[in-house]
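Participant: Join these two chains into a complex; the hints should help.
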Amino acid sequence: MSRIETDVAIIGAGPIGLFAVFELGLLDLKAHLVDILDRPGGQCTELYPEKPIYDIPGLPIVTGQELTDKLMEQIKPFSPTFHFNQMASGLEKLDDGRWKLTTDAETEIVAPVVVIAAGGGSFVPKRPPIAGIEAYEGKSVHYAVRKMEAFRGKNILIAGGGDSALDWTINLAPIAASLTLVHHRDGFRAAQHSVNQMRELAAHGKINFEIASVKALHGENGLLNSVTLSNPEKKEWQHACDTFIPFFGLTMKLGPIAEFGLNLTENLIAVDTAKFQSTTPGIFAIGDINTYPGKLKLILSGFHEAALMAQEAFHICKPNEKLRFQYTTSSSNLQKKLGVA
Amino acid sequence: MKIIATDREGAEHIVEGRDGWSVMEILRDAGLPIAAECGGACACATCHVYVTGDWAEKLPAKSDAETDMLDMALAVEPNSRLSCQITCAPELDGLTVTVAPE
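These protein sequence lines are chains A and B, in that order.
Position 102 of the first sequence, counting from 1, maps to 102 under the working numbering, and the rest follow consecutively.
Position 101 of the second sequence, counting from 1, maps to 101 under the working numbering, and the rest follow consecutively.
For the record, the hints were derived by calculation from the structure and aren't laboratory data.
Be aware that a few hints might be false.
As the list claims (entries may be wrong) - Quick look at which bits of chain A chain B covers, simulated, 3 or more residues with Cβ under 8 Å:
(1) 98-107
(2) 200-210
As the list claims (entries may be wrong) - With a cut-off of at most 27 Å between alpha-carbon atoms, the simulated BS3-like pairs for lysine-lysine come out as follows:
(3) A/70 with A/154
(4) A/235 with B/58
(5) B/62 with A/126
Stated by the list, open to error - If the Cβ cut is set under 10 Å, some of the chain B residues that face chain A in the computed set are:
(6) 29
(7) 39
(8) 41
(9) 42
(10) 43
(11) 44
(12) 70
(13) 72
(14) 73
(15) 100
(16) 102
For every residue, glycine included, the Cβ atom is placed at its ideal position computed from N, Cα and C.
Excised from the complex, chain B in its bound form (with noise of 0.2 Å):
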């Protein structure tokens, strides 16, 4: 599957995903400026994207501990989501994200 994730800076970086890997891990690995403090625990809101497009709708839905955590995330929007909280898998692939401001 891929990744299509724009930065900050307005670039698009297509990544390949792995099955079972969070999106979280695949940016960090790739490069792009994902903070992820907290290593992928729910816990920082430092890996914060808007999923663009109609993945919003087509992803898995948010946990209450995903929306709660949101609350700690700097201009949270409708497509806000964690990238730690979203797993890879086939039914991704052409998943688009875009760095949110830190």
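Only chain A is shown next, with the shape it has when bound in the complex (with noise of 0.2 Å):
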């Protein structure tokens, strides 16, 4: 466990939570942020890194990947710390009147400020519609291969199209004691390369590819023995496996957030238009995961929020400072802040 004191913590690594950076930089509040993903950009970077982006005041076209690398560049004046690969699971408020945020990787970060700049939540794997699926996550059912020494010996099936099936097809292929890839179509959505490598394995009785999906799991205790698999042709048939690792991608869900007390209307955290504070005094929300009257999901209407809520951020932190309203075009003290004077 490591415990870190800081200014402001953020929950979200998007460009909402990355400009935050900067604002609150700029007002010499230092910042920590957590972030499910292993990288930052949210939804920019997770669901468009290719798709170019109209809207941004001042950049005419710019893709979800470069607006992420420009806001990085920006804030690096301010050296903020990430977190990677961590869920925000807990907020407590302590008798100091500051808050703790604590994460799934026991990282707790105490701070007078925190700013929840989640967009539509965590990113969490897609689960596949299968009756009584639960039941067999974590034992037989598994979205994601942390060590593959785990999979050793096992009767795999996987589930999906994409590169991340393709990929652990190819690697655990060696170590399973059979290995199954199902999907609904003879075609993928992943690297030629890794396609071809799966079909030489197929070829080679190495694997097996079955055009399908799969219906029901069949098992006890939450340790599958079978599933049905189905097609147009073969209709239903029952295959025998002992693990199960479906890949259909990431979506997003609240998560951990909707137990931390705050005031939600349907998922969304309620926020005053002048410091997008909450209703929890000390717990701002900016970018998709705010509401308020007129509210636009629009990034450049979350830098906005960004900047009003490090005014009161700033008030919070430092109650006996007054705040200096400056230009950074005018101002060589926030000049020398950027590194630029």
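Facilitator: And the structure:
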């Protein structure tokens, strides 16, 4: 467990969480960011890294990845600390008035201000809509491969047609007792060389490839012994396996934030439009996760919200100091912070 | 044009389409449970619907991008479509869709 003390804990390292670092930094406030993904950018890099965005002021065309890269460059002078691959899991008020944010990796961040910039929530693996799948999760059904050794000697069924499904088919084939890849069509949304490698393995009988979908799971006490597969030609049949790894990408779920005791409206955090503070003092919400009259889910709106949030965060973090409003174009003080003066 | 949409509980909703809008936008604005996480960029597969009746054949064919993105959808069937990739038009009057499970 590591305990960190800072000015502001930010949940979410998407574009709005990143820009919040900039606005806070101009006011000398330090930030730590927590994100469940393994890199910055949130939806911009997870959902549409290559897709162009046309409505960022001053950037006529920019991709999700480019915008993220530019924001990372912009906030570099403020050296924020990132805690990636971690889900914000708990929020608790301390006796001294500060907040303690904990993550599922047992990081503790203590700060007077918490900013929730979590977009649509945490990115979590999509769970196939198969009845009773929850009972097998963690024992026979896995959404990621953390330790390959855990899969040695298993009779594995992998579902999906993307890069993860193909990569793990190729990597687990040598150590599995048997491995079957199941996908709904004979085509893949994956790198061509991976597809070729998989077809090679199938041609040599090292793996099986079935064009089908998984309809039901069979077993007991969370231990799988077979599944029902189906396709239009063969109808339904049983397939013996003890391990099922579905790879259908990620989806957004609000997750533990729902348990933080905040005022939620349809999974959004209600805020005022002067400070973008929730009804809990010290807890702010900016970007897609907040709601207020007239809210537009646009990146540019989130940038504005970040700037106003930072003003109030300053008053909370430095109650005895006067906030000096300055422009980056004219203030040598700000320019020094940015490393350009 | 009208779209007849069946939700995950089996209830039928008749919603008014608008020429040029995507079916996803119409369903989402009508309050159907369409996540459409990427906002219509064919990048997330969370606007997955089944087109029913003979609409699978009558609709314009899927683009390669839509076919690829459907690999990230759950419970894909031959009549699966991403509703953000279907554009409302007069000839689609009476389109029947069922919201896919999540």
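Participant: Work down the list of hints and note, for each, if the structure agrees.
Facilitator: Quick rundown of the hints versus the structure:
no.: 1; hint: 98-107; in the structure: violated (count 0)
no.: 2; hint: 200-210; in the structure: violated (count 0)
no.: 3; hint: A/70 with A/154; in the structure: 45 Å, violated
no.: 4; hint: A/235 with B/58; in the structure: 26 Å, holds
no.: 5; hint: B/62 with A/126; in the structure: 23 Å, holds
no.: 6; hint: 29; in the structure: 14 Å, violated
no.: 7; hint: 39; in the structure: 8 Å, holds
no.: 8; hint: 41; in the structure: 5 Å, holds
no.: 9; hint: 42; in the structure: 9 Å, holds
no.: 10; hint: 43; in the structure: 5 Å, holds
no.: 11; hint: 44; in the structure: 5 Å, holds
no.: 12; hint: 70; in the structure: 8 Å, holds
no.: 13; hint: 72; in the structure: 4 Å, holds
no.: 14; hint: 73; in the structure: 7 Å, holds
no.: 15; hint: 100; in the structure: 8 Å, holds
no.: 16; hint: 102; in the structure: 7 Å, holds
The earlier numbered hints that this structure contradicts are 1, 2, 3 and 6.
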